[in-house]
Amino acid sequence: MQTTQRHGLSFLRTRPGETPSRSALTLSATLAALLLVAFIAIPMHRSGIQWDFSGLREYWRLYVEGWKTTLAISAAALALSTVLGLLLALAKGSPWLPIQFLARTLIELLRGTPFLAQIYLFFYILAHSVHLENRYLAGTLILSLFSSAYLAEILRAGIESVSPSQIESAQALGFTPAQTYRHVLLPQALRSILPPLAGQFVSLIKDSSLLSIIGLNELTQNAKNVASYTFSNFESYFLLAAGYLLLTLPIALGTRWLEKKIRYEN
Amino acid sequence: MKISISNLTKYFAKQRVLDSVSLHLENIRSLVLMGPSGGGKSTLLRLIAALETPDAGSITLNHSLVPQVAAEQIPYRRTIGVVFQAFNLFPHLSALENIALPLTVVQQRTRSEAREIAVALLKRFQLENHASQKPATLSGGQRQRIAIARALATRPSVLLMDEPTSALDPEMTSEVLEMIQELRHEGRDLILVTHEAGFAKQAADTVALLSGGKIVEYGTPQQVLEAPNHEISRSFFRKILKY
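Protein chains in written order, with my numbering: chain Y, 1 to 266; chain U, 1 to 243.
To be clear, the hints were calculated from the coordinates, so they are not data collected in a lab.
Please note that the accuracy of each hint is not assured.
Said to hold, decoys possible - One-sided and incomplete, this derived list gives chain Y residues near chain U with beta-carbon spacing under 10 Å:
| id | residue |
| --- | --- |
| 1 | 41 |
| 2 | 45 |
| 3 | 157 |
| 4 | 160 |
| 5 | 161 |
| 6 | 163 |
| 7 | 169 |
| 8 | 176 |
| 9 | 177 |
| 10 | 179 |
| 11 | 183 |
To be verified - Calculated from the model, a selection of chain Y residues having no Cβ within reach of chain U, i.e. all distances over 12 Å:
| id | residue |
| --- | --- |
| 12 | 11 |
| 13 | 14 |
| 14 | 18 |
| 15 | 24 |
| 16 | 42 |
| 17 | 46 |
| 18 | 47 |
| 19 | 56 |
| 20 | 57 |
| 21 | 80 |
| 22 | 124 |
| 23 | 173 |
| 24 | 196 |
| 25 | 198 |
| 26 | 235 |
| 27 | 250 |
In this text, a Cβ means the ideal position worked out from N, Cα and C, and glycines have one as well.
The task is simple: from the sequences and hints, build the whole structure.
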């Protein structure tokens with residue numbers, strides 16, 4: 001038996017297979033919160049800025065509208081980029097070389113160039129050439145395409161992490177390739193890729209802020225406008241950050257919940 | 001079961017794993033394939049299962065030609081059952097779901113129908129207490145018995161097993177062999193690759209010994225195991241029966 005000496009603050013340390021006590025959890029959470037508050041409050045105090053949110057009050061509608069727009073664009077792009085990402089991932093794993101090369105090239109182009117450049121080029125050249133004038137629709141499509149390249153790589157890695165013996169078992173049962181993906185590969189891949197998947201979804205929400213450059217009145221654009229009307233830059237950006245956190249935190253928490261729910265030992 | 005193998009040849013890269021193998025058997029219940037590692041027995045089983053495509057030759061199983069194009073191989077595989085050495089089960093599904101999934105996906109049965117069949121099979125093999133367990137929480141023997149139950153669920157015409165006990169310790173080996181013996185007694189058609197000579201003696205109608213990509217000899221277990229004609233078979237059985 002291994003004996004561990006316990007003294008002082010050592011009860012705050014986790015050990016494999018042990019659940020920490022309630023007092024350890026409370027104290028740890030308090031300590032972490034205090035450190036964080038100090039980290040934020042001290043520079044804020046030293047900067048000498050007088051925080052005053054009263055100037056923003058008459059523009060609250062702009063924040064709410066912007067937030068709703070960001071939510072709508074993100075939700076639509078999230079769904080669409082998942083579909084596109086899955087298609088790209090399947091194309092990249094296709095036995096047909098032309099399809100494979102096309103997918104690879106597309107993924108590298110989308111991942112290797114700045115999103116800002118993509119927004120300009122896709123909106124002013126591609127979207128205009130097909131008479132797609134709706135900025136919101138075009139913006140959502142561009143964001144979906146950008147994010148789908150990252151999702152494709154994540155999905156591909158997840159699919160490839162599943163043992164080849166699983167494919168063989170499915171084949172022996174007479175599953176078609178599509179049935180093998182749907183019932184065997186994707187459910188198992190999902191378990192290993194949930195954390196990077198959540199990260200990519202959070203990135204997508206934040207990246208939607210760049211769509212303000214083609215004039216979408218989403219949260220960032222509106223916050224910038226309010227800042228210029230009221231000259232309260234810091235307060236405006238503070239609210240902006242809080243608005244994004246309100247969208248990204250549920251994703252992080254939801255993923256963690258899902259991860260626990262579908263976990264199995266390998 | 002009737003099996004007819006004609007001039008079957010299979011290469012992996014440049015290596016000839018099966019070298020123009022021919023074998024014609026009728027009115028047998030169980031065929032056991034034995035022989036040294038790399039002798040071609042697993043490859044032969046995989047070719048019968050249409051999990052590989054031969055480079056030459058053909059196999060006829062119960063009057064139907066084992067198909068060699070992908071589009072026909074999928075429906076063919078649905079008519080036979082296959083159990084591998086290990087890692088058969090889907091780790092994200094419970095024992096019950098593992099058995100029910102092929103029934104819903106491949107046979108288009110309703111969920112409740114599939115569940116019923118799965119529960120009945122689990123009960124039959126005294127596995128019902130493990131119905132909701134995931135493979136990771138089951139012993140190797142239980143996993144393998146569930147894999148066999150899953151292969152039986154779709155009512156295959158023949159059950160193929162590729163060294164089903166090689167990855168198990170002795171205690172679990174016997175529980176799996178007992179289950180196979182039970183299937184044999186109820187007259188199910190089996191083709192089995194195994195190193196268990198004692199079991200082969202009890203369970204086989206015909207034993208075929210493969211070495212170097214060829215069938216060295218075949219016949220009743222008494223003939224092949226106790227009085228082998230060829231030096232290759234003699235030295236093989238001497239080795240596996242030594243300890």
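Structure-based check of each hint:
Violation of the interface hint for residue 41(Y) is found here, the shortest Cβ-Cβ separation to chain U being roughly 46 Å, above the 10 Å cut-off. The closest approach between the C-beta of residue 45(Y) and any C-beta of chain U is roughly 52 Å, which is over the 10 Å cut-off, so the hint fails. Annotation: interface hint on residue 157(Y) violated; nearest CB of chain U at approximately 18 Å, more than 10 Å. Hint status for residue 160(Y) relative to chain U: violated, with the closest Cβ pair at about 16 Å, above 10 Å.
The criterion of a C-beta within 10 Å of any C-beta in chain U is not met by residue 161(Y), whose closest approach is roughly 12 Å, and the hint is violated. The criterion of a C-beta within 10 Å of any C-beta in chain U is met by residue 163(Y), whose closest approach is roughly 7 Å, and the hint holds. This hint holds: residue 169(Y) has a C-beta 5 Å from the nearest C-beta of chain U, less than the 10 Å allowed. The interface hint given for residue 176(Y) holds, since its Cβ lies 6 Å from the closest Cβ of chain U, which is under the 10 Å cut-off.
For residue 177(Y), the interface hint holds, the least distance from its beta-carbon to any beta-carbon of chain U being 9 Å, beneath 10 Å. For residue 179(Y), the suggested interface contact is upheld, since its CB lies about 5 Å from the closest CB of chain U, less than 10 Å. The restraint placing residue 183(Y) at the interface with chain U holds, with a minimum CB-CB distance near 6 Å, inside the 10 Å limit. Against the 12 Å criterion, residue 11(Y) stays outside the reach of chain U, whose nearest CB is about 32 Å from its own CB.
Every CB of chain U is more than 12 Å from the CB of residue 14(Y) (nearest about 24 Å), matching its label as outside the interface. The beta carbon of residue 18(Y) is kept farther than 12 Å from every beta carbon of chain U, the shortest such distance being approximately 22 Å. Residue-level check passed: residue 24(Y) sits 30 Å from the nearest beta carbon of chain U, beyond 12 Å. Distance to chain U confirms residue 42(Y) as a non-interface residue, since its nearest Cβ pair spans about 48 Å, more than 12 Å.
Residue placement check: residue 46(Y) keeps its beta carbon more than 12 Å from all beta carbons of chain U (closest about 53 Å). For residue 47(Y), the shortest C-beta to C-beta distance to chain U comes to about 52 Å, beyond the 12 Å cut-off, and the non-interface label holds. Once the 12 Å rule is applied to beta carbons, residue 56(Y) is consistent with being away from chain U; the minimum gap is 49 Å. Even its closest Cβ contact with chain U, about 52 Å, leaves residue 57(Y) beyond 12 Å, as expected for a residue assigned away from the interface.
The claim that residue 80(Y) is not at the interface with chain U holds, since no C-beta of that chain comes within 12 Å of its own (minimum 27 Å). Taking the minimum C-beta to C-beta distance to chain U, about 46 Å, the non-interface status of residue 124(Y) holds against the 12 Å cut. With a cut of 12 Å on Cβ distances, residue 173(Y) falls inside the contact zone with chain U, its closest approach being about 4 Å. Once the 12 Å rule is applied to beta carbons, residue 196(Y) is consistent with being away from chain U; the minimum gap is 19 Å.
The Cβ of residue 198(Y) sits about 19 Å from the closest Cβ of chain U, beyond the 12 Å cut-off, so the non-interface label holds. With a least CB separation of 48 Å from chain U, residue 235(Y) remains clear of the 12 Å interface cut-off, as annotated. The Cβ of residue 250(Y) lies farther than 12 Å from every Cβ of chain U, with a closest approach of about 25 Å, so its non-interface assignment holds.
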